[in-house]
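Note that my numbering has the sequence shown beginning at 21, numbered continuously upward.
Mixed in with the good hints there might be a few duds.
Cβ pair distances, simulated, as ranges [what the hints assert, rightly or not]:
(1) P135 with L157: 44 to 54 angstroms
(2) Q40 with R250: 29 to 39 angstroms
(3) E107 with I159: 16 to 26 angstroms
(4) E63 with D285: 11 to 21 angstroms
(5) M21 with D191: 29 to 39 angstroms
(6) P176 with Y36: 16 to 26 angstroms
(7) L222 with T25: 22 to 32 angstroms
(8) N221 with R110: 54 to 64 angstroms
(9) V249 with R110: 42 to 52 angstroms
Don't read these hints as lab results, they were simulated from the structure. Glycine residues also receive a C-beta, built at the ideal position from the N, C-alpha and C atoms.
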Amino acid sequence: MFTITRAVAEDFARVYPLFQGFGDSPIPSADWKKIFVTPWKTEEDFCGYLLLKDGVVKGYLGLIFSRRTLNGKLEKLCNMTSWIVSEDSRGQSILLLLELLKLKDYTLTNFTASPTVAAILKKLGFEEFPVDQRVLLPIPGFRLRRSGSTCEFNLPAIRNNLGSVDLPIFDDHQGLNCQHLLLQSVHGDCYVVLKKTKRKNLTFAKVHYLSDAAIFHKCMETLAATICVRLRVFGLMVDERYIQRRQFTGSLNYPHQRKAYFKSDSIRDPNLIDTIYSELVILHN
Numbered sequence: 021m022f023t024i025t026r027a028v029a030e031d032f033a034r035v036y037p038l039f040q041g042f043g044d045s046p047i048p049s050a051d052w053k054k055i056f057v058t059p060w061k062t063e064e065d066f067c068g069y070l071l072l073k074d075g076v077v078k079g080y081l082g083l084i085f086s087r088r089t090l091n092g093k094l095e096k097l098c099n100m101t102s103w104i105v106s107e108d109s110r111g112q113s114i115l116l117l118l119e120l121l122k123l124k125d126y127t128l129t130n131f132t133a134s135p136t137v138a139a140i141l142k143k144l145g146f147e148e149f150p151v152d153q154r155v156l157l158p159i160p161g162f163r164l165r166r167s168g169s170t171c172e173f174n175l176p177a178i179r180n181n182l183g184s185v186d187l188p189i190f191d192d193h194q195g196l197n198c199q200h201l202l203l204q205s206v207h208g209d210c211y212v213v214l215k216k217t218k219r220k221n222l223t224f225a226k227v228h229y230l231s232d233a234a235i236f237h238k239c240m241e242t243l244a245a246t247i248c249v250r251l252r253v254f255g256l257m258v259d260e261r262y263i264q265r266r267q268f269t270g271s272l273n274y275p276h277q278r279k280a281y282f283k284s285d286s287i288r289d290p291n292l293i294d295t296i297y298s299e300l301v302i303l304h305n
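Produce the entire structure from the sequences given, and follow the hints as far as they go.
As structure tokens, this is what we get:
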């Protein structure tokens with residue numbers, strides 16, 4: 021008989037065998053464990069759901085909870101991660117997702133859905149949105165055209181200059197191999213959080229959060245090359261939706277084959293939903 025129960029941190033050892041061999045790039049056990057012990061404070065006391073057959077773990081759906089102030093309103097978010105079911109129980113996979121849909125007052129997100137999962141999500145009322153990328157390249161002219169903008173890399177200095185919205189994000193993302201920048205200009209500041217990622221054996225820095233798209237645009241016209249050199253990356257990747265399709269000198273479009281998905285009673289604009297509190301930050305180094 022199959023049953024569903026909430027997963028807690030102590031269940032990691034029971035679930036870990038399901039993770040072995042999952043995906044194209046093996047993820048170390050220490051990284052998998054991060055989704056069982058969320059690195060920031062949450063009010064929820066569980067980290068997903070277990071599919072059990074006679075007490076034996078046959079499946080797992082990971083959940084990453086967070087709270088964000090979006091458009092002046094406190095929102096509860098829940099990012100789906102690692103929907104894994106053993107081959108002999110695949111027919112019961114949907115039970116995990118149906119249990120998730122019982123959560124009330126949460127915005128549910130999925131940034132890594134396979135085509136099969138995407139089809140299921142759409143049937144269950146999830147909305148699709150694009151996550152195409154813009155790649156900012158460190159060409160010399162890009163760096164030298166304008167002046168008056170600077171980039172702060174020193175973590176204590178960055179922290180001292182953050183306000184009430186950005187300071188919790190900074191504190192929550194220490195120890196997660198994130199890169200933190202504070203872009204400073206006469207127009208104001210923009211706090212940026214990135215993580216390094218590989219594309220065709222080249223290392224990029226992917227933007228997961230930026231506090232002000234307009235200032236980001238103004239500063240990057242000057243600072244992209246400096247930042248790439250400092251971070252030792254080939255370029256900077258940022259979602260088109262974050263920058264509202266602003267044009268950048270020395271940039272390339274990078275279409276993303278997969279889409280992202282969300283289901284919410286309170287959020288209508290998917291551009292409000294970023295990836296800073298998601299599996300893309302916790303699991304992907």
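Hint check:
1. P135 with L157: 44 to 54 angstroms: violated, 31 angstroms
2. Q40 with R250: 29 to 39 angstroms: 37 angstroms Cβ-Cβ, so the 29 to 39 angstroms window holds.
3. E107 with I159: 16 to 26 angstroms: violated, 49 angstroms
4. E63 with D285: 11 to 21 angstroms: Check passed, 19 angstroms falls within 11 to 21 angstroms.
5. M21 with D191: 29 to 39 angstroms: For M21 and D191 the Cβ distance comes to about 44 angstroms; the hint is violated.
6. P176 with Y36: 16 to 26 angstroms: Given a distance of about 37 angstroms, which is not inside 16 to 26 angstroms, the answer is violated.
7. L222 with T25: 22 to 32 angstroms: violated, 43 angstroms
8. N221 with R110: 54 to 64 angstroms: At roughly 33 angstroms between Cβ atoms, R110 and N221 fall outside 54 to 64 angstroms, so the hint is violated.
9. V249 with R110: 42 to 52 angstroms: Holds, since V249 and R110 (Cβ atoms, about 48 angstroms apart) stay within the stated range.
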